[in-house]
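Could you build all of it, start to finish, from the sequences and the hints given here?
Listed below, chain by chain, are the residues.
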Amino acid sequence: MTNKAIRHHGLKNVYQNSIAPWVLPVILLVVWQVSVSTGAMQLIASPYEVLTTAITYTLSGEIFEHIGVSFFRAAVGFLIGGGLGFILGVLNGMSNSSQRYTDTTIQMFRNIPILAMIPLVIIWFGVGETAKIFLVTAGVMFPVYINTFHGIRSVDRGLLEMSRIYGISKWHLFTKVILPGAMPSILVGVRYALGVMWVTLIVAETIAATSGIGYMSMNAREFMQIDVIILAILLYSVLGKIADTLAKLLEKRLLNWHPTYQNLRNS
Amino acid sequence: MTNQQNGVQLRIENMKKNFGKTEVIKGIDLQIDAGEFVAIVGKSGCGKSTLLRLIAGLDEKTEGTIYQNDTILSKQNNDARVMFQEDRLLPWQDVLTNVGFGLQLQNDWQKGAKQLLQEVGLENHASKWPSLLSGGQKQRVALARALAANPRLLLLDEPLGALDALTRIEMQGLIEEIWKRNQFTALLVTHDVSEAIMLADRIIVISEGMISYDRDVPLSRPRERSHPVFKEIERELYAELLEESHKQQTFAM
Ligand SMILES: Nc1ncnc2c1ncn2[C@@H]1O[C@H](COP(=O)(O)OP(=O)(O)OP(=O)(O)O)[C@@H](O)[C@H]1O
Ligand SMILES: [Mg+2]
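Those sequence lines, one after another, are chains L and A.
With the first letter of the first sequence counted as 1, position 148 gets the number 148 in this note's numbering; the numbers rise by one all the way through.
With the first letter of the second sequence counted as 1, position 122 gets the number 1122 in this note's numbering; the numbers rise by one all the way through.
To be clear, the hints were calculated from the coordinates, so they are not data collected in a lab.
Calculated pairs, BS3-like style, for lysine-lysine (alpha carbon to alpha carbon, straight line, at most 27 Å):
1. K1128(A) <-> K176(L)
2. K1111(A) <-> K170(L)
3. K1114(A) <-> K170(L)
4. K1075(A) <-> K176(L)
5. K1075(A) <-> K170(L)
6. K252(L) <-> K1128(A)
7. K1128(A) <-> K248(L)
8. K241(L) <-> K252(L)
9. K1016(A) <-> K1026(A)
10. K176(L) <-> K1111(A)
11. K1180(A) <-> K1231(A)
12. K176(L) <-> K1114(A)
13. K1075(A) <-> K1021(A)
Take a look at the structure:
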């Protein structure tokens, strides 16, 4: 190949990898803007309006208050629920008697749809922080529990037997063999739990809250501020995307031994 | 050629093992000298792995006694290390850490592990993930790991079974060399008759859970496959193994 051909080839690659994926979104944005401006679409704000609203809210600082509150609820609920799910999963995964006593009960609770509990939760806790954190905790706990439990139970028996021969301590066995062996499954649980976390939080904040992104959106509905509602939707998407990216980074880091991730490392 | 100091002596008396109602080991008496290299051959399913697992203390015997240096062996055998057909390396630890698996309570385990890696010729692969190694290399790592605690009894359950012929011959040489140097007692289960003759001081055939054949290999080391005695033992072993399967076939009819 000549130099020119190589350069041409390189440019084509850049186009295909970095530009091509964005063509459709840009077209959609333009169509959206045009159809709102011309009045073809009603009851919706144009991208430009949403953008200005976002800037106004950012400058006034209001947006950070709502994000902060929502983030706090998500994080605290996730830590408590994920922590509980993990601990229960480890206990039941490691001990048959613990599993016999608690697994059935946990499975029973798991079948309760969390969102159906909202009225009850409001009666118990009012519309304060406890209610939201409770709901997120309950939603996050079960996926983490189940995947931790199954991850531990499905650790390669050959490896466990090998460890027995080497007479290593129980703690060593747990930290060096069982936990890493269960990690792929645990992380699947974590990612699933992150999804549940946002859904639960969005519903809870929309129905019963006096602050947070969901409240901002519900409040805007009363004044028909469609731009604010769309802004709230976008904020949730961005937060969800950030959480998912963090989870992916965690996966890449904790599973760097896994053949799936070695290809990424080499390329 | 026996290695007296390091290896353990084994005496197995009337050992039986049932899995549920099926008798797998039906009464084995066997004495193995300290430092002896014994090969165990036999048809698939005759109970070779089970015998090895009983000696390792991985399974509980139904009946009988194992004496190791005249003390009765109960539960875990801390003097023994096992190599399986699969490498059983931890995929989430690099090669060096895998080798040091049993040593990690010691402060300077890395030094010992590096030394062992050198012995199996993999010192340049210390920081790799096991999944990046070839099958033969993985078994070398597993061998180094088994040697880490300087075991007095090495139990090998078809460790070369999954390797290609050339790698296998290479590994046989390595195992023999390390056995000579470290002077442990070795028990090797294998399907490969010439591998048994190549490595063992003594060959045992197990059929239907009992010892049906037991002979010494009176060849000096290193051994030549073309040696007439080698050939003769090979013939004898094949005859024994084929006769066994013939007997079982006529039984079935
Ligand atoms: N945990 C177990 N539960 C029930 N049966 C078992 C168990 N382990 C082994 N067996 C049975 O015991 C018999 C002997 O098994 P073993 O693994 O010792 O055979 P082997 O001689 O090592 O065969 P191979 O050469 O194929 O490895 C087989 O019939 C097997 O089905
Ligand atoms: Mg076997």
